[in-house]
Amino acid sequence: MVADMERSFDTTAVPGTRFTEVRRVAETGSTNRDLLKLASEGASEGVVLVADHQTAGRGRLDRSWSAPPGSSLLVSALIRPELDPPEVFLVTVAAAVAACEACDTVAGVRPGIKWPNDLVVDDGGPLEGRKLSGILAESIVREGRVTAVVLGMGLNVNWPDDLPEELAGIAVSLAQLSSVAVDREELLAAWLAAFDRWLTRIESDAGRAELMEVLRSRSATLGRLVRVQMADRIVIGVAEQITGAGHLLVRSDESGELVEIAVGDVVHATIQR
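Note that this note's numbering has the sequence shown beginning at 4, numbered continuously upward.
To be clear, the hints were calculated from the coordinates, so they are not data collected in a lab. Treat the hints with caution; some may be incorrect.
[Said to hold, decoys possible] Beta-carbon label-pair distances, calculated as ranges:
(1) Ala-234 - Glu-189: 20 to 28 angstroms
(2) Gly-267 - Ser-220: 42 to 50 angstroms
(3) Gly-267 - Arg-230: 17 to 25 angstroms
(4) Leu-228 - Thr-23: 38 to 46 angstroms
Source: prediction; values computed, not measured. Where a beta carbon is used, it is the ideal one built from N, C-alpha and C, also for glycine.
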């Protein structure tokens, strides 16, 4: 399962896509942080940074993200989309759907998308709900305009069987699900190609609608009992829909009302099992 762990990335670009410059480092604090710095200095769209190990990987709300060195796909991509700030969620959705497609193509694994930004096991089996990937989009906004988005993803690929105590029982890797070692380089190329296709599609209204339908079809959240913690309250109920704006509609168990929850309002969201 760990045959790929010591191999460096050879990919320098993905032909036919906007991702024309793929850089690799052995270790860094955070690929997102590094790429945000490059973006602020004027780096062009299409720069991708891949690391074998992150010492300060982050998720939403600056939650830490750790993985054994060389065992995960730790990648950030710089894009410069023509989006308003409230539309940046589309980049996260595009990345998540693309990751699902890449996992299916390369490893034969079909994960679900847990709102708002995780890939999880969604097959009804004993590993149901375990986390496979986390995704984080960070924007640079100037004078009300989005000038850059850095999309970061940590995808568990070839983890050892003896996971650290803090990860055992809550996370899983592609190799553990497919029972074979997965080529991180092949996975990277497949993800970037699919991500590029979806980024092109969301330039049109029809493409955005298509993306949201695919999200709903792959959702590990819809139809489930969820607990969503916000700054001012907690909502427990069945997740009924994801709106075109990316908001989650939850039927509150307490009041019976349909509560609309924006990603930015969420402190923590869990699926109740």
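Evaluation of the provided hints:
no. : hint                                  : in the structure
1   : Ala-234 - Glu-189: 20 to 28 angstroms : violated, 42 angstroms
2   : Gly-267 - Ser-220: 42 to 50 angstroms : violated, 24 angstroms
3   : Gly-267 - Arg-230: 17 to 25 angstroms : holds, 18 angstroms
4   : Leu-228 - Thr-23: 38 to 46 angstroms  : holds, 45 angstroms
Of the hints listed earlier, those the structure fails to meet are numbers 1 and 2, in rising order.
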